Each structure stands twice: as C-alpha cells, then as structure tokens.
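S.K.: Sequence:
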Amino acid sequence: MQKKAKTYNIIAYFPGQDEKLKNEWVIIGAHYDHLGYGGEGSGSRIPDTIAVHNGADDNGSGSVAVLEIARAVKNMKHKRSIMFIWFGAEEMGLLGSKYFTDHPLIDLNNVATMINIDMLGRLRDNKLYVGGVGTSDVNKEIVEKENKKYGFDLSLSEGGYGPSDHASFYMKNIPVLYFNTGIHEDYHTPFDDVDKINFEGMEKASRYVRDVLVDLANLDNKPKFKEAGEKFSGSRKFRYKVTLGIIPDFAGVEKRGLKVDGVRKGGPADLGGMKKGDIIIALDGKPVKNIYDYMARLTKLHKGRVVTVEVIRGDEHKVLLVNL
Numbered sequence: 000m001q002k003k004a005k006t007y008n009i010i011a012y013f014p015g016q017d018e019k020l021k022n023e024w025v026i027i028g029a030h031y032d033h034l035g036y037g038g039e040g041s042g043s044r045i046p047d048t049i050a051v052h053n054g055a056d057d058n059g060s061g062s063v064a065v066l067e068i069a070r071a072v073k074n075m076k077h078k079r080s081i082m083f084i085w086f087g088a089e090e091m092g093l094l095g096s097k098y099f100t101d102h103p104l105i106d107l108n109n110v111a112t113m114i115n116i117d118m119l120g121r122l123r124d125n126k127l128y129v130g131g132v133g134t135s136d137v138n139k140e141i142v143e144k145e146n147k148k149y150g151f152d153l154s155l156s157e158g159g160y161g162p163s164d165h166a167s168f169y170m171k172n173i174p175v176l177y178f179n180t181g182i183h184e185d186y187h188t189p190f191d192d193v194d195k196i197n198f199e200g201m202e203k204a205s206r207y208v209r210d211v212l213v214d215l216a217n218l219d220n221k222p223k224f225k226e227a228g229e230k231f232s233g234s235r236k237f238r239y240k241v242t243l244g245i246i247p248d249f250a251g252v253e254k255r256g257l258k259v260d261g262v263r264k265g266g267p268a269d270l271g272g273m274k275k276g277d278i279i280i281a282l283d284g285k286p287v288k289n290i291y292d293y294m295a296r297l298t299k300l301h302k303g304r305v306v307t308v309e310v311i312r313g314d315e316h317k318v319l320l321v322n323l
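With numbering that gives the first Met the number 0, letter number 89 in the sequence shown gets 88, and the count goes up by one each step, no holes.
These aren't lab readings, by the way, just hints derived from the structure by calculation.
Fair warning: this is a prediction, and the values are worked out from it, not measured in the lab.
Please note: incorrect hints may appear among the correct ones.
Derived lysine-lysine pairs resembling DSS-like cross-links, with alpha carbons at most 25 Å apart [said to hold, decoys possible]:
no., residue 1, residue 2
1, 78, 223
2, 288, 126
3, 223, 171
Go ahead and model the full structure; you've got the sequences and the hints to work with.
M.R.: This is how it looks when you write it as structure tokens:
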C-alpha cells in the first residue's frame, strides 16, 4: 500500500551586488533525500533487503557541498543573485525540482544557469564528470577555464537532460551544469556510507564548482540557452516500465556506446549474460551511443518482452537476448 508524506524544498539566497544584474539568478542545488530502508519499489538495487540506505554519496555529498559553497560565497563578490536549493523527493522522480520549476518563486526567464551537484563524494583518479556544457554559449568555456587551476581529468557531456534535478530546469529552457564523481558498486545500496567518502577530493571538487558558480554570477551578459540533446517530460521513476538491472556509466567516458559499470545479480541483464565492463551499442535494434540514447530506448520497452542487446566485450561483438 502506498503511503503519502509531505516533503519540502529548502531554499536560501544571497542578493546580487549589481543594481541591474541582481534581478537575474544563478541557482545551485542538490537533493537531500534518499531511499530510507529500501525494499521493493524504493529504487534500491537490492530490493529484497530491508536496511537503512544512508546515501552518504547519493546525495549527502552534494547536499554538504552546496552548504559549504554557500558559506564560501557569502564573502565573495557576485553581480547576480545566487539561490541555493536543497530538493526533496528526487529519488521519487525529481518531484522537488519539478515542483519548483512548475511553481517558481522567481521569474524563470531571469535564471542565468542552474548548477546541480549529485554525488560528489567518490573522486577517483582525479576524474570528474560535468554534464550540460552544451546548454549555453558559455558553459564549456567557463568549465574548462576554471579547471586550469584544479587539473581535473574532466569528462564533458553536452546534453542537458539526465537522471537528476537539473533535468527539470533544462525542460524550461534554462542552461544547466551537472557535477558528479561517478557511479559505483555501492550506488542505491545500504553500503553507501560515510567511511567511503573521499573528503579531500570532495573539498577540491566543491571549490571548483564554487569558482564556476561565481564566474556565472559575474558575467556581463546572461548566457544564451542552447538545446543540447533530447527533452523528456514526466518523472524518471514512472517513465520507465522496465529496467535492465545495470549501473550505467553516467560519466560517458566510453565513446563507442554506454559502458556497464555494474550488473545486478538476478536482474534481466545478468540472466541475459551481460557482464560488468560490457559496452552497450544497441538496444532492441536501435543504436545506443550514450546514457541519453539508453534512457530514450528504455521508455519504449515493456515488461515481458525479449529484446536484443548488442555489446562490445573486449575485442568481441556479442548479441544478447534479455527477457524483460
């Protein structure tokens, strides 16, 4: 039986210091909810286990990063106003961010850019994923310029859509940026705990995001929105009728297709023979070049179907049959 509960978005802001530009906004946000005790229908990757899912990386790391960035920005100069939002109910389908964009407290036409931080706590090999660089005329330039001080191995993605709260803003024709240190085996399990957080890496990445934020807040001209990738309506939870049971590589480092970072034991992909490290290049006969193609293909599939999944495994090309 489904139970309903009230949740909240938490909002704070610093007014801009320029008489003209203070009416424009840069928004930075992160979701603060997670999966509770898990269980069937919660989004847990081990739904047969009832245990506290602490979500230290997803998204304790992002929530704390936004808080620390706010503390730093308080004493910095910024022409535009800056809004900080901690979103509720992201795991239920981006509900908090969608509510804000459907019932905004400000004129969304005055939002220069929205920055989303979702999972910033597992920096490995100095690799940082930045999505949405193609959604404005300045995003990529600013991201690359500020990285000269930090030297991250950046994986850049043009697209503005993704499985987190920035998607709600991209749907409203607002430029977005999305920062993430990558999916891992503990994602959506009870094992995403604080002892596995790379605090030094998280602090470095937070300072980098802060500098990008301040750059955007001090631009003379408002960034121009550019459509980058498909748009999808509705929430992520209810859009998909099926799942393969994999952890996809959201960072998009692999250019031949979508790399599989993990396979849930007993899930459709596992039973169909898929393995960690496989690169999905087609699903149901349609090409998959990245996470956006993969999500688009999933929306067209239904439970009970048997579909082909073409993968590259090492030097081999394989066609797997997966029963959904």
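S.K.: All hints are to be evaluated individually against the structure, with a verdict given for each.
M.R.: Here's how the hints hold up against the structure:
The straight-line distance between the Cα atoms of residue 78 and residue 223 is roughly 17 Å, inside the 25 Å bound, and the hint therefore holds. At roughly 21 Å between alpha-carbon atoms, residue 288 and residue 126 fall within 25 Å of each other, so this suggested pair holds. Annotation: proposed proximity of residue 223 to residue 171 holds, straight-line Cα distance about 13 Å (limit 25 Å).
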